[in-house]
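Make a model of the complete structure from these sequences and hints.
2 protein chains.
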Amino acid sequence: MDVKHYMQQLGQQARQAGREISKADSGRKNLALLKIAEALSASSAELARENQKDLQAGKDNGLDAASLDRLELTPSRIEAMVEGLNQVAALPDPVGEISQLSYRPSGIQVGQMRVPLGVIGIIYESRPNVTIDAAALCLKAGNACILRGGSESIHSNRAIAQCIGKGLAEAGLPLAAVQVVETTDRAAVGELITMKDYVDVIVPRGGKSLIERISAEATIPVIKHLDGICHVYIDGKADIDKAVAIAMNAKTHRYGVCNAMETLLVAESIAGQVLPILAEKYAEKGVELRGCLRTCSLVKKAVRATEADWHTEYLAPILSIKIVADIDEAIAHINQYSSAHTEAIVTEDYTLARRFLREVDSSSVMVNASTRFADGFEYGLGAEIGISTDKLHARGPVGLEGLTSLKYIVLGDGHIRQ
Amino acid sequence: MDVKHYMQQLGQQARQAGREISKADSGRKNLALLKIAEALSASSAELARENQKDLQAGKDNGLDAASLDRLELTPSRIEAMVEGLNQVAALPDPVGEISQLSYRPSGIQVGQMRVPLGVIGIIYESRPNVTIDAAALCLKAGNACILRGGSESIHSNRAIAQCIGKGLAEAGLPLAAVQVVETTDRAAVGELITMKDYVDVIVPRGGKSLIERISAEATIPVIKHLDGICHVYIDGKADIDKAVAIAMNAKTHRYGVCNAMETLLVAESIAGQVLPILAEKYAEKGVELRGCLRTCSLVKKAVRATEADWHTEYLAPILSIKIVADIDEAIAHINQYSSAHTEAIVTEDYTLARRFLREVDSSSVMVNASTRFADGFEYGLGAEIGISTDKLHARGPVGLEGLTSLKYIVLGDGHIRQ
Chain S
1061 MDVKHYMQQL GQQARQAGRE ISKADSGRKN LALLKIAEAL SASSAELARE NQKDLQAGKD
1121 NGLDAASLDR LELTPSRIEA MVEGLNQVAA LPDPVGEISQ LSYRPSGIQV GQMRVPLGVI
1181 GIIYESRPNV TIDAAALCLK AGNACILRGG SESIHSNRAI AQCIGKGLAE AGLPLAAVQV
1241 VETTDRAAVG ELITMKDYVD VIVPRGGKSL IERISAEATI PVIKHLDGIC HVYIDGKADI
1301 DKAVAIAMNA KTHRYGVCNA METLLVAESI AGQVLPILAE KYAEKGVELR GCLRTCSLVK
1361 KAVRATEADW HTEYLAPILS IKIVADIDEA IAHINQYSSA HTEAIVTEDY TLARRFLREV
1421 DSSSVMVNAS TRFADGFEYG LGAEIGISTD KLHARGPVGL EGLTSLKYIV LGDGHIRQ
Chain B
1061 MDVKHYMQQL GQQARQAGRE ISKADSGRKN LALLKIAEAL SASSAELARE NQKDLQAGKD
1121 NGLDAASLDR LELTPSRIEA MVEGLNQVAA LPDPVGEISQ LSYRPSGIQV GQMRVPLGVI
1181 GIIYESRPNV TIDAAALCLK AGNACILRGG SESIHSNRAI AQCIGKGLAE AGLPLAAVQV
1241 VETTDRAAVG ELITMKDYVD VIVPRGGKSL IERISAEATI PVIKHLDGIC HVYIDGKADI
1301 DKAVAIAMNA KTHRYGVCNA METLLVAESI AGQVLPILAE KYAEKGVELR GCLRTCSLVK
1361 KAVRATEADW HTEYLAPILS IKIVADIDEA IAHINQYSSA HTEAIVTEDY TLARRFLREV
1421 DSSSVMVNAS TRFADGFEYG LGAEIGISTD KLHARGPVGL EGLTSLKYIV LGDGHIRQ
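If you're matching them up, the sequences are chains S and B in order. Every letter in the first sequence is one number past the one before it in this note's numbering, and letter 337, counting from 1, is 1397. Every letter in the second sequence is one number past the one before it in this note's numbering, and letter 185, counting from 1, is 1245.
These are computed hints drawn from the structure, not numbers from a lab. Please note: incorrect hints may appear among the correct ones.
Said to hold, decoys possible - Derived coverage of chain B by chain S (criterion: at least 3 residues anywhere in the stretch with Cβ under 8 Å from a Cβ of chain S; other residues may be distant):
#: 1; segment: 1076 to 1087
#: 2; segment: 1200 to 1209
#: 3; segment: 1337 to 1348
#: 4; segment: 1425 to 1436
Being a predicted model, the structure only gives us computed values, none of them experimental. From the three backbone atoms N, C-alpha and C, an ideal C-beta is built for every residue, glycine too.
Structural data, given as structure tokens:
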């Protein structure tokens, strides 16, 4: 197969389908989502069978247990995909929404209309459920999409693509609105991220190395997040109970997620009270502590953190801890080491809370709440296609709105410019 | 001078100043704008003297009359810069504005806060007034900026930079919040558009070739517009008077602007009525007409348009005209040839107006209004740094909001994720 030619063809078809889907009314898009859900439910045996091929190939190729787990389509995961489709169908349609329409002194009315981006390219790794999640969000936002999953999940993705095609056909929408790349050739990715004429934005989902490579090579805008080096700062005026609850939740609720805390900053005036309590609780959970010099003198079990620790997203039961003089030092540390994902302060001080909110330049900034809340569902977006640590276009959890743009509309009655 | 080192230094200083200015309150930013305006007024003799050096050098180097005109700082242009500063000072401060703050089922409050982008690099050609316009908008939006004007206006820009520095100092803001690149070495641009660590977004202002080159070479996001191939479609249900007024205004109000009409599409059912009237009026204005075969049979003075005409932004008294069957053919033509800047329909038909608004994918879409309204001032943005024909981040006229981003804020009371 000529990969370049194949991808160009997908691109042309996506561009054409994108024009169609951008005009589709909400009822038809929702019908497609519900029909895809029905097709998935009806095909669960088939999906399990195809998934089994991927799992077997994965075992044969020596995939590790974590990857095999991500790859598996259990009945409850199929059910979750069905549930996700129903949820996205229930969300309000963002497309065509008109805002801020008002009269100008010239007599024209000016407002903004929310419009689809066009064609979205999604590149992801082993989880086959991303195929459904991404397709559902793109479809609802009026975009065509080209989905490039990991080669290890190709059979599963093809089976899911069958269900998507069935749902689109039953709703009378073009099949090319959602296309799954059928080749595992890596050159397909290189083509996808440089087809400027056919693809408007790339959303990579996966490990840091995948995202870095795609960002470096793409000539199309990329909505990405690289790291989640999230901080919690326990201020001198913190409520100890809240501080302990938040620091524990942010680190230990789940370890392998981007919104988990990786570095804890503690004001020196409260460190003696709060760190011993936390150290004991972290020990119960088996969390390894790496601290600054002063932390190590307070917490005997802590080992010395190195410069590299402040830069590291552990995604594991490891936490770095630094004692700081005050909020200034905390914010300076965050500005230097944070990946601009999510930071939280724990304080009862009104003025410091207000300062932290304004001055910390991350995609989510929190007061007295766990960093684990940085999530599209928790924020009420209904669903998310990822979390952006970029500043332009979309920042933080990206839901339907992040997959749209705004155009200006002008209504007149024969108005001309003087 | 080591250009790379010099630019890196500007970048570091801008990054630091950006942090300061992002925290500056509205009063201080407005004070700086007003003090810069005062300094400009007080320095008009000095500005004229420095501008004279640029004009003389321009003449010596054989600059054409149009470029020399753009370069000139007349008293009324200095007055316009002062007026612009006062206007930007009077605009509401976008920074820190919190929207959509609401309670979620978990008990946390989630909202979005408008925040500066950080450091903006502006690259422009001969007009020295851009130095003030760009600096004012960046400053008000809480950003630091690095301004790289054309080498032909270096003396004027340096003199303006003196005034900016004076205003910043009087308001107690860091001087590096606005830096004018003092070297005319072209390598400075190459450095500016690739200093990822220090610059967050590039805004090029100038001719298409400048913008294409910068877009191709930049590794930093670019807010740009390339072309303004704007269309007016006169529908079969158009009011003839409105159609004539709009088609004349869109083409002849000003020729060299990006929101001027370049191609007129006319429904065949009305062409016989409207084209002869328009042809006569265009002839009075000296506008050359290039038409499709059917246009030429209706309008004797029209010459045959070639395929290239539909792709061309004339920026001159030339208009291409095509007779189309209906709105479907009009939209198809626009989708194929438009630069996605601004398109207008003239019609009294409710359903077609609604369709045109939804289906035409340009940064401004109008009904019964002249394309010349596509402008930040006319839209009520107060000022504009340019017009974006991109879809991501900013689309259409870019004002203060386009120089900001949104971060999520979360307010809790010790909330943790279940």
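Against which earlier hints does the structure fall short, listed by number upward?
Those not satisfied are hints 2, 3.
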